[in-house]
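**Student:** Residue strings, one per chain:
There are 2 protein chains.
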Amino acid sequence: MALRARALYDFNSENPGEVSVKENEILTLYSEQDIEGWLEGVNSKGERGLFPASYVEILRNDATSTYANIPSGGFNAFPPPALQRQPPQQQQQQQHTYQSPGQVSDDDWDDDWDDSSTVADEPGTVGGRYHDYEGNGPSTYRVSTSSMSRGNAQQAKSSATVSRNLNRFSTFVKSGGEAFVLGEASGFVKDGDKICVVMGQYGPEWQENPYPFTCAIDDPTKQTKFKGMKSYISYKLTPTHTQNQVNRRYKHFDWLYARLVEKFPVISVPHIPEKQATGRFEEDFISKRRKGLIWWMNHMTSHPVLARCDVFQHFLTCNSADEKAWKQGKRKAEKDEMVGANFFLTISTPASPLDFQEVESKIDGFKTFTKRMDDSTLQLNATVNEFARKQISGFKKEYQKVGMSFKVLSQAFEMDQQVYSTGLNQAISFTGDAYEAIGEYFAEQPSKDLDPIMDLLALYQGHLANYPDIIHVQKGALTKVKESQKHVEEGKMDRAQAEGINERCNIISCATLAEIQHFHQIRVRDFKAQMQHYLQQQISFFQKITGKLEEALQKYDNA
Amino acid sequence: MALRARALYDFNSENPGEVSVKENEILTLYSEQDIEGWLEGVNSKGERGLFPASYVEILRNDATSTYANIPSGGFNAFPPPALQRQPPQQQQQQQHTYQSPGQVSDDDWDDDWDDSSTVADEPGTVGGRYHDYEGNGPSTYRVSTSSMSRGNAQQAKSSATVSRNLNRFSTFVKSGGEAFVLGEASGFVKDGDKICVVMGQYGPEWQENPYPFTCAIDDPTKQTKFKGMKSYISYKLTPTHTQNQVNRRYKHFDWLYARLVEKFPVISVPHIPEKQATGRFEEDFISKRRKGLIWWMNHMTSHPVLARCDVFQHFLTCNSADEKAWKQGKRKAEKDEMVGANFFLTISTPASPLDFQEVESKIDGFKTFTKRMDDSTLQLNATVNEFARKQISGFKKEYQKVGMSFKVLSQAFEMDQQVYSTGLNQAISFTGDAYEAIGEYFAEQPSKDLDPIMDLLALYQGHLANYPDIIHVQKGALTKVKESQKHVEEGKMDRAQAEGINERCNIISCATLAEIQHFHQIRVRDFKAQMQHYLQQQISFFQKITGKLEEALQKYDNA
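As given, the protein sequences belong to chains A and Z, one line each in that order.
So the first sequence is residues -7 to 551, counted in the working numbering.
So the second sequence is residues -7 to 551, counted in the working numbering.
Please note that the accuracy of each hint is not assured.
The list treats identical chains as interchangeable, and a pair is accepted whether it falls inside one copy or across any two copies.
[Said to hold, decoys possible] Capping the alpha-carbon separation at 25 Å, the derived lysine to any residue pairs in SDA-like fashion look like this:
no., residue 1, residue 2
1, Lys440, Asp211
2, Lys440, Leu337
3, Lys228, Ala208
4, Lys547, His510
5, Lys186, Arg52
6, Lys324, Asp185
7, Lys363, Gln392
8, Lys389, Cys188
9, Lys388, Met485
10, Lys520, Asp425
11, Lys354, Gly415
12, Lys389, Ile531
13, Lys324, Tyr203
14, Lys399, Glu378
15, Lys399, Ala374
16, Lys363, Met396
17, Lys267, Ser23
18, Lys267, Asp246
19, Lys399, Gln524
20, Lys399, Arg364
21, Lys547, Thr375
22, Lys547, Gly184
Rather than coming from a laboratory, the hints here were simulated on the basis of the structure.
All figures in this text were calculated on a predicted structure; none of them were measured in a lab.
Given these sequences and hints, build the entire structure.
**Tutor:** Right, here's the structure in full:
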């Protein structure tokens, strides 16, 4: 008998691959196993496609049992591109250096876990489109379910009178922000896990890392295993605080990234460079990815909270050769209790609570700021991208055409055998060469000055894409505060409970403002450094051109 | 009764406005007055158009009288563009700064002779297409008829057995080269008219001007006459050898140019800047024309023969206010006997005659050279023209778009009120301004460096357009030598007559090689100077950009 489900809410498809469903519509399912929170089936009109698992209840032998409407992939799910709802502007970002992590290309098939993959795991050999979610053994994406089941369990014992968000896709819910504010998070916070927000000159800020360090990423080298049947690129990481080199692969970064996103609800985890299906062993790609990883690493080590967290330290320090130690740390990180809602338990705030009205105004200001910054970085990125393209093609061509024309003229002049003409002919020929060289300079320049700008913008566009969720969590908390105040006034909630919500909202607000403060500080640092670098490179570039022209001019002295 | 003519030869029309005629075909004429050697009429098929006056005989009352088939305009005729046969390549030149003087646009209507024009002489008011040849009183083009009538007269008394060229459009014939070689030229050569070709290091060359001078062209100013109803631009000319300023108008240059072309058959007279129908009083045009006239003047004063000739000296030195003296000199120049064929009488050659085989090889080499130089200057001109266009539009736009994007970014950043961000915001804003300024630099630059290159190329393209005719005259003379040798061998010509042809061919060859030598010398001088100027300007340009960027970079120091 076909598996069927009833729609609980209306759902309007917005992307290819989705189908619209109406409340109470009966759907035929292909499988009751959801894919990152989505189910595939046929609606009553016979249209086939995907719809949110949480919008339907599965019908079992005529007995109606509500589908456990928490996406099994958890909040760190990577839905396939076609399923991911994103505003047009974010879709535009796909053309930039980094993609949002939501845009997983079906790549890195032979770059999967050593301990689970086999040589047979070649692209297209197992499973279909969602292969890495379904057929890949104990995948990184599965693991997080445990934390969500726990969240689910906590939810079950909740007795709060403050309304619960029905939208299971809400970041406020997914991040654990709601559970925390409602007082449902609990866990044992070790001293080492304690994260301090202190009151700084400009408001709440993360306590500085007392042991700052950086980490070099060098020598990407191609490694092989299974007698050369599988290849991957290994990077040498050398953190300054240990001076011990460790080797890491892209998939390790990817795994770490997933852990961090899962663990820190209001911290903007820098996006790792995008995945790429083909050409992963080409020099250009490797160099580009390394630069992306360096940028990422710089933002990781600069962040007072991220830099110090256990999973990152494990990643940086665990001896790559000691497989047992690595797996131990990996499992520990995957079982970390202090993630999501519980992360907020680890935060210690300044003594005086924040003025929520002021917080709200600050957050709103920042929201406007990120919108403007996002628009302007998008525009700058498009301009710079086009400028690079023009220099590589058009500018180069124009200068080289001038060079070529000078050379053709000198060749015509060489037909005149007059002695007094020889010097001039050579000088014009040299000028032609100089302009061809200048054309080449123009083509080479963007990799020196515009590419770093684009790398910077891509990294920041990643951050800017994180902030709507972060802001959403804080705003969700604030809404709960307002609701609880209303409930208290109406006598539906006791003052102590409301007080708890207030306190927990203060924690979320402190963390959010600290994160915003950190964002501004690294933004000013990074943009200053990059603008200086860009201008220095541009100056060198124009000086190099000037030098070449001066060399050409000298040739005329004795012509 | 309609005026009729009989075709003496076949003529195949090749351009719009012409009609083909067959030998013995009877044609109906509109007027027996030819227009620069062309008659207008209807052929037996009823097709209306122009054909060469020299190809027909006019039928008068059934009495056949041969039309004086020498174009009344002489070799300096300026047929309207539609009538002028020119290879496609020369047609291409029309897009360049200078046009060949053959391309007379119907402009300068109110710029005609003071002593003949009236206010009524406005475009379109009198006559039709050939207005300036027909309705303009004693025009510059009419005057030359006298010399050609004389040539005709000389022709009548010729008794040479060497065949005469039937093609009356041949430069060899038109220039008077043929008449001279055949010994038909005669005239009294004054000492002051003597032009010396000396044997130099590289072969025959013009004797240097013992009194070299230059001439400044300044202050183009708008003048009016007839109570402001007519306007023209007057240029102040100050030759260094007199230091007396004279005022000249474009039409004076035009008149002088016509005199020079008429007088010197194997000298490449630099072309004057093209005529222009509209916008003659616009600042850009005036500045451009002045530059063109300066180039022209430079080539005139640099030429040992042209610089010293009477008509040029009259032009340079005659007090503009002394109308009587001006008209006297003008009439004298127009009645000059030592033009065309007679010009060769004024040439004194080195003692030893040239080896004609060597001459032929040199001329052939130069012919190849001019072809190559013409091709390469055309290409360079097109490239440079496009390069200028790109800098003015594309390059400017790209740099300004980058500037604008930086400014937009700084505006977004200004939304963040953090104190530590202010310096950066200002620096980025300044960088944006710097890039907008750099865009402007790119747009301004071509007028400083590429325009002079284009002016140079245009002037040389004028010279290169002159050389086929010059080479044609020399080759015609050489052909006559070969024919005469054959005739002597066949006993059809006495040795003395052939000797005379030889001697006269030697004169033409000496003059031609001297002119070629002069061409190479000024070419090397001009291209060296212009390439140096170009590179110096380019260096300043890139230094200016570097300076602007350094200024921007400094803004980050305290950001």
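**Student:** Now tell me if each hint is right for this structure.
**Tutor:** Checked hints:
Taking CA atoms no more than 25 Å apart as the test, Lys440 paired with Asp211 passes inside one copy only; the shortest distance there is 20 Å, against 49 Å between copies. Proximity of Lys440 to Leu337 under the C-alpha cut-off of 25 Å is found in neither arrangement, the shortest distances being 45 Å within a copy and 69 Å between copies. Taking identical chains as interchangeable, the C-alpha atoms of Lys228 and Ala208 lie at most 25 Å apart only when both belong to the same chain, with a minimum of 8 Å there against 72 Å between chains. When the C-alpha separation of Lys547 and His510 is checked against a cutoff of 25 Å, the pair qualifies only between copies, where the shortest distance is 24 Å, while the shortest distance within a copy is 56 Å.
Proximity of Lys186 and Arg52 under a CA criterion of 25 Å is satisfied in neither setting, with 45 Å inside one chain copy and 121 Å between copies. Within a single copy, Lys324 and Asp185 get their C-alpha atoms as close as 14 Å, which meets the 25 Å cut-off; across copies the closest is 109 Å, which misses it. Taking CA atoms no more than 25 Å apart as the test, Lys363 paired with Gln392 passes between copies only; the shortest distance there is 24 Å, against 42 Å inside one copy. With identical chains, the CA atoms of Lys389 and Cys188 are never at most 25 Å apart, being 57 Å at best within one copy and 50 Å at best between copies.
Taking the shortest alpha-carbon separations for Lys388 and Met485, neither the intra-copy value of 72 Å nor the inter-copy value of 66 Å comes in at or below 25 Å. Taking identical chains as interchangeable, the C-alpha atoms of Lys520 and Asp425 lie at most 25 Å apart only when they sit on different chains, with a minimum of 17 Å there against 37 Å within one chain. For the homomeric pair Lys354 and Gly415, the shortest alpha-carbon distance between copies (21 Å) is at most 25 Å, but the shortest distance inside one copy (70 Å) is not. For a Cα distance limit of 25 Å, the shortest separation of Lys389 from Ile531 qualifies both inside one copy, at 22 Å, and across copies, at 20 Å.
In this homomeric assembly, Lys324 and Tyr203 come within 25 Å of each other (Cα to Cα) only inside a single copy, at 24 Å, whereas the closest approach across copies is 100 Å. For a Cα distance limit of 25 Å, the shortest separation of Lys399 from Glu378 across copies, 17 Å, qualifies, whereas the shortest one inside one copy, 30 Å, does not. In the homo-oligomer, the alpha carbons of Lys399 and Ala374 lie at most 25 Å apart only across protomers (14 Å), although the nearest pairing inside one protomer, at 36 Å, exceeds that limit. Only between protomers do Lys363 and Met396 lie at most 25 Å apart by alpha-carbon distance; the minimum there is 18 Å, versus 47 Å within a single protomer.
Taking CA atoms no more than 25 Å apart as the test, Lys267 paired with Ser23 passes in neither setting, with 28 Å inside one copy and 84 Å between copies. In the homo-oligomer, the alpha carbons of Lys267 and Asp246 lie at most 25 Å apart inside one protomer (9 Å), although the nearest pairing across protomers, at 72 Å, exceeds that limit. Taking CA atoms no more than 25 Å apart as the test, Lys399 paired with Gln524 passes between copies only; the shortest distance there is 16 Å, against 37 Å inside one copy. Taking CA atoms no more than 25 Å apart as the test, Lys399 paired with Arg364 passes between copies only; the shortest distance there is 12 Å, against 49 Å inside one copy.
In the homo-oligomer, the alpha carbons of Lys547 and Thr375 lie at most 25 Å apart only across protomers (23 Å), although the nearest pairing inside one protomer, at 38 Å, exceeds that limit. In the homo-oligomer, the alpha carbons of Lys547 and Gly184 never lie at most 25 Å apart, since the shortest distance is 70 Å inside one protomer and 43 Å across protomers.
Against the hints set out earlier in the document, violations occur for numbers 2, 5, 8, 9, 17, 22.
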